[in-house]
Every structure is written in structure tokens, then in C-alpha cells.
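Enquirer: Sequence:
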Amino acid sequence: MTTSFLFDLAIAVAAALLFSLLFYKLRLPMIVGQLVAGMVVGPFGLGLIRDTTAIDFLSTLGIILLLFVIGLELDPRHLKTVGSKAIVLTTVEFLVVFTVGLSPVSLRDGTLALLCS
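Residue numbers (the working numbering): 1 to 117.
The hints are simulated quantities; they were obtained by calculation from the structure and are not laboratory data.
Treat the hints with caution; some may be incorrect.
Here are the in silico distance ranges between beta carbons for each label pair [what the hints assert, rightly or not]:
1) Gly83 / Leu9: 38 to 46 Å
2) Leu21 / Phe57: 34 to 42 Å
3) Lys25 / Thr60: 26 to 34 Å
4) Leu21 / Ser84: 34 to 42 Å
5) Lys25 / Leu66: 21 to 29 Å
6) Phe44 / Ala86: 28 to 36 Å
7) Ile64 / Val40: 17 to 25 Å
8) Thr90 / Leu26: 38 to 46 Å
9) Lys85 / Leu35: 26 to 34 Å
10) Leu74 / Phe98: 24 to 32 Å
Glycine included, C-beta positions come from ideal geometry on N, C-alpha and C.
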């Protein structure tokens with residue numbers, strides 16, 4: 001581990017903590033604050049973290065851990081009661097998003113060839 005990696009990691013953790021606390025005070029989900037912190041200090045934000053190769057691995061582990069914790073908190077009985085509504089809403093949402101995303105292509109020249117090139 002190099003010093004720059006530890007420095008980048010310290011910046012990321014400090015920013016995530018600060019934004020989490022800020023979003024908690026605003027009564028918003030803390031995970032959104034952590035995501036915003038990553039966008040702010042990352043290479044496309046303020047650029048405080050430039051080398052993302054080592055942090056990419058840690059972010060992948062973080063996503064896996066987040067999905068695992070969400071899976072632990074899911075209640076199968078609750079999913080059964082909400083299941084049919086969720087399937088219908090998911091299908092409608094997919095169709096709306098697909099149509100809205102496809103409309104600029106169809107307005108341009110009416111073909112899907114633009115998506116493939």
C-alpha cells in the first residue's frame with residue numbers, strides 16, 4: 001500500500017462521514033450522502049481522488065456488502081403481499097423508461113441503427 005492510496009482512502013472516508021452526517025441532519029438517507037460524497041471528491045468532481053484503481057476494488061466490495069445487508073433485511077412474507085403490485089409497477093416503469101429513452105432515436109431518423117454505432 002502506498003501513501004497516496006491511504007491518503008485517498010482517508011479523504012473518501014472523511015467525505016463519506018461528513019456527507020452522511022449532513023444528510024442525516026436533513027432527514028435524508030445516509031447512503032445517498034455517501035454516494036454524493038463519492039461524486040464530489042472523485043475524479044469527476046473536485047478531483048481530490050485521482051487514482052481510482054485501488055478504490056475501485058473497495059467500491060466493488062462495498063456494493064457486495066450493501067446488497068448482502070439489504071438481502072438480510074428483506075422479509076419474504078412482505079414480498080408475497082406486495083409481489084403482484086411490484087411486478088406490475090416494475091413492468092410499467094420499464095416500458096415508460098424504454099419509451100422515453102427510445103423517443104430521441106425515433107425522432108431523429110426513425111431507426112435503431114444509432115444505438116448500434
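Enquirer: Which of the listed hints are not met by the structure?
Expert: 2 and 8
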